[in-house]
Amino acid sequence: MESTENGSSLNLNMDRRTLLKSMGVAGLASAPLLNSGMMSAAEAAGQTINFTAWEYQPDTIKSLVANWSKQTKNKVNISFIPNVGYTAGIQARQRGGKPADVFYNFAYNSQKFVNQKWAADLRGLPGAEKMVADMFPSARSRFVAENGAIVSAPYFSAVHMLQYNKKMVAAAGFNSTPNSLQETYDQCKKIKANGVESPYVAYWVKDFVEEYLHVYLLAGNVQPFDKKGDPIFMDDPKTLDVLNWWQAMYKDGMTPKSVLTDDPGKHTSSMANGQAAFYALHHYFLRDIVESKGPSSGDISQAKIVGTGGKTLQMGEVIQMGGKVTGAKKAAAWDFMKTYGYKDKSGKFTTFQKWAASGALCAPYPGFFTDPKVIAAFPDYMDLSLIKDTFQNASDIVPARTSPWYQGFQAQCGTIIHDLLLGNSNARATANALAIACKTAKSGSGL
Amino acid sequence: MIYSAAAVFVVWILFPIWYTLSSSFTKPSEIGARPTPFWPASPTLDNYRLVLGIPTKDQECIPGIDIVNCGAAASNVSVNKLVDTMFNSFIVGAAVVFFTLLISTIAAYSLSRYRFAGSVFFLNFTILSRIVPGLVLVAPIFIFLRVLNLLNTPWALIISYTSFTLPLAIIILKNYFDQISIDLEEAAALDGAGRLQTLKLVILPVAVPGLIATGVLVFLESWSEFFFALVLTDSYTVPALLAGFLSMQTFNWTLLSAATIIAIIPPVLLVMIFQKYIVTALASGTGK
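From first to last, the protein sequence lines stand for chains E and B. Per my numbering, numbering of the first sequence is gapless, rising by one per residue and ending at 447. Per my numbering, numbering of the second sequence is gapless, rising by one per residue and ending at 1288.
Since the hints were derived computationally from the structure, they do not count as laboratory data. Do not take every clue at face value.
Stated by the list, open to error - Once the Cα atoms are required to be at most 27 Å apart in a straight line, the calculated BS3-like pairs of lysine-lysine come out as: (1) E/K75 to B/K1200; (2) E/K70 to B/K1081; (3) E/K388 to E/K167; (4) B/K1081 to E/K98; (5) E/K293 to E/K348; (6) E/K62 to E/K73; (7) E/K70 to E/K112; (8) E/K62 to E/K345; (9) E/K388 to E/K98; (10) E/K388 to E/K293; (11) B/K1081 to E/K62; (12) E/K227 to E/K73.
What the hints assert, rightly or not - In silico negatives: residues of chain E with every beta carbon more than 12 Å from chain B: (13) A92; (14) R93; (15) R95; (16) K98; (17) P264; (18) K266; (19) N273; (20) A328; (21) R428; (22) A435.
What the hints assert, rightly or not - Not close to chain E: a few residues of chain B, all C-beta gaps over 12 Å, as computed: (23) S1029; (24) R1130; (25) A1243; (26) L1256; (27) V1268.
Beta carbons are placed, not taken as given, at the ideal position from N, Cα and C, and that holds for glycine.
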């Protein structure tokens, strides 16, 4: 891994887990120092922050920004870039010499941006260590690089869940949702026999299928990468079981043939209209299914994607500070980031309360789930305690996914997995191809 | 055989348009219906109402979009901006057409009528410049516009679009001027007209079809350009706004389809009105 600007030698020999634990302790110990940090933010009033975001709920973003501006007397210029093309857009602006001071980023780009000095290492900023310490331990390594650099703050987090049709599962004679990948297949087969043509839907398009690789590997009790980020899944025989299961789900018609190109809107509609029994994707998609008020919307509930591994994928995107922000502007930008990705000055999850209400998005903090306003914001049909438990005990972020090389692997995953599903490859060849793609990406060659 | 091939070609061309049109009248809850119906069972205008900011008549909640019927606080995407953005696209397109025709007419006429040092190289270089991908050019253009403080203004797009529509316009117009008999200019010269007078009073009136065709093609290129609009502005024109309908795994196909149908009306009208000029101009020289 490339070294970063600050203190790259600090923790090179320290185990990542130990490092994250020690950051938690350091964060708690430094809590009393927060007040001094607030003072520097206050001194930073009158700054103009350039903030770049992608265009999800632009009106919510504007209101959040306006609230912060009003409170701090700082100005924020918001720049929206469509989600499609965001990476190209933000990198072109960085290269062109007009970087944002604070910006949304995809988690897989976050370490790379810090290494390239396009984003700042947040270590040492008042409350940064406390922010990390307040997170679920399972979430911390998305925001902390291997060398200890704090690369980002949370924008939102989510866990993969299984949206399911209670009536269809019961009618097929099952008392509970599947407890393993094999049970998922078995339940689908019975539900299909009951007349539901394609019982299982998931967002298996090329650009997204990499998330499912981890969802299913984790469900199959396969550890995808070792602590150094080297791929080890190909040496685990359980990987072949997972890949064989995946291929069978598609080949045996448990999913629609069009599932390789269908988008979440279609899957939401399939679930709401009673055309599918299971839908595996982020927890917040339950909201879309229920609120679209289709004939089966009221029958849909949510369960953990349980496998023998007992874990699913936790994902989320991040906000970062520009690498060239200094002085009073840096204090203001950090204050903005804390309000946006952590807590406001009064210690409340104001921003996340808003995201919870408008999009059922989550934050990777245990405190978020006990916040009365968050609890009130989540609709009754969403089991917040189940989602919290999944964050806390039953999910993994797969830390390698934020490594600078990872995007090269991600870019190749879609073709390799689709070859498997279409029957052009077998499980062994697919595992090997994925491993080669990892190694190629790590070595810096390939895409 | 020829008719079969033509039929296949027509289906190939019309299928995406039919699919978009059909989707634009489909309720979001029916977009996943299988098999895909030729036409929605209960067509709705609500997608058009939503993108135009008109209250919907249906009581169906469209998650993430219809904040009234869903009782939600905010829409996932930018609705109500389509008309403003189309106006922006029109202004940018019109300005690009004006500047491109102004410069390219003089350049193409010079290349057609004069042999000057480097004229062949200039023409070949003009053609070659079309090969350079926009992705390579965007960073230097970004820096140039940043220095001039023109980022996120219409001028950012007018300048950059003009720079890459010029070669296309020069090539088309040079070809068109080559077809115009030089006798006309010689007659004008005998009457005492200078070069610019000849161009203005004799050549341009004859070249109107070529100018219109070039203008239409330049306008279409400007109207549909996405990447420069994405990088140089904040969703100032239509393509960038349409891309905003695909957001965070939330794909609003029905709204995107309605917005797309509305957005293609101006270019389609333009092409229909000037169709005969486009065909004439692009076919000029084929009988040589």
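Do the hints match the structure? See the list:
1. Using a Cα cut-off of 27 Å, the hinted pair E/K75 and B/K1200 is violated, with the two alpha carbons roughly 52 Å apart.
2. Annotation: proposed proximity of E/K70 to B/K1081 holds, straight-line Cα distance about 26 Å (limit 27 Å).
3. Restraint check: the Cα-Cα separation between E/K388 and E/K167 comes to about 25 Å, which is no more than 27 Å; the hinted pair holds.
4. Of the pairs offered as hints, the one joining B/K1081 and E/K98 holds, with about 26 Å between alpha carbons and a cut-off of 27 Å not exceeded.
5. The hinted pair formed by E/K293 and E/K348 fails the criterion: a straight-line CA distance of about 33 Å is larger than 27 Å.
6. A distance of roughly 15 Å separates the Cα atoms of E/K62 and E/K73; the hinted pair therefore holds under the 27 Å criterion.
7. Between the alpha carbons of E/K70 and E/K112 the distance comes to roughly 33 Å, so the proposed pair goes past 27 Å and is violated.
8. This hinted pair checks out: E/K62 and E/K345 have alpha carbons roughly 19 Å apart, not beyond 27 Å.
9. Between the alpha carbons of E/K388 and E/K98 the distance comes to roughly 39 Å, so the proposed pair goes past 27 Å and is violated.
10. Taking the CA atoms of E/K388 and E/K293, the gap is about 26 Å. The hint holds against a cut of 27 Å.
11. Proposed proximity of B/K1081 and E/K62 is supported: the alpha carbons are some 15 Å apart, at most 27 Å.
12. Taking the CA atoms of E/K227 and E/K73, the gap is about 44 Å. The hint is violated against a cut of 27 Å.
13. Consistency note on E/A92: stated as away from chain B, yet its beta-carbon is not over 12 Å from all of that chain's, at 4 Å minimum.
14. A beta-carbon of chain B is positioned within 12 Å of the beta-carbon of E/R93; the least distance is around 7 Å.
15. Separation of E/R95 from chain B is inadequate, the least Cβ-Cβ distance of about 5 Å not exceeding the 12 Å criterion.
16. Distance check for E/K98 against chain B: the nearest CB is about 5 Å away, which does not clear 12 Å, and the non-interface claim fails.
17. The beta carbon of E/P264 is not kept farther than 12 Å from every beta carbon of chain B, the shortest such distance being approximately 5 Å.
18. Its beta-carbon lying about 4 Å from the closest one in chain B, E/K266 breaks the requirement of being farther than 12 Å from that chain.
19. At the 12 Å boundary, the C-beta of E/N273 falls inside the reach of chain B, the nearest C-beta of that chain being 7 Å off.
20. A cut-off of 12 Å between C-beta atoms confirms that E/A328 is not in contact with chain B; the least separation is 23 Å.
21. Against chain B, the non-interface label of E/R428 holds: every CB pair exceeds 12 Å, the least being about 31 Å.
22. Here E/A435 stays apart from chain B, with its beta-carbon at least about 28 Å from theirs, past the 12 Å limit.
23. The Cβ of B/S1029 does not lie farther than 12 Å from every Cβ of chain E; its closest approach is about 5 Å, which violates its non-interface assignment.
24. For B/R1130, the condition that its CB be more than 12 Å from all CB atoms of chain E holds, with the nearest at approximately 21 Å.
25. With a least beta-carbon separation of about 4 Å from chain E, B/A1243 fails to lie farther than 12 Å from that chain, contradicting its non-interface assignment.
26. A Cβ of chain E approaches the Cβ of B/L1256 within 12 Å, the least distance being about 10 Å, so the stated non-interface status is violated.
27. At roughly 24 Å, the least C-beta separation between B/V1268 and chain E is larger than 12 Å, which holds for a residue marked as non-interface.
Checked against the numbered hints above, the structure violates hints 1, 5, 7, 9, 12, 13, 14, 15, 16, 17, 18, 19, 23, 25 and 26; every other hint is satisfied.
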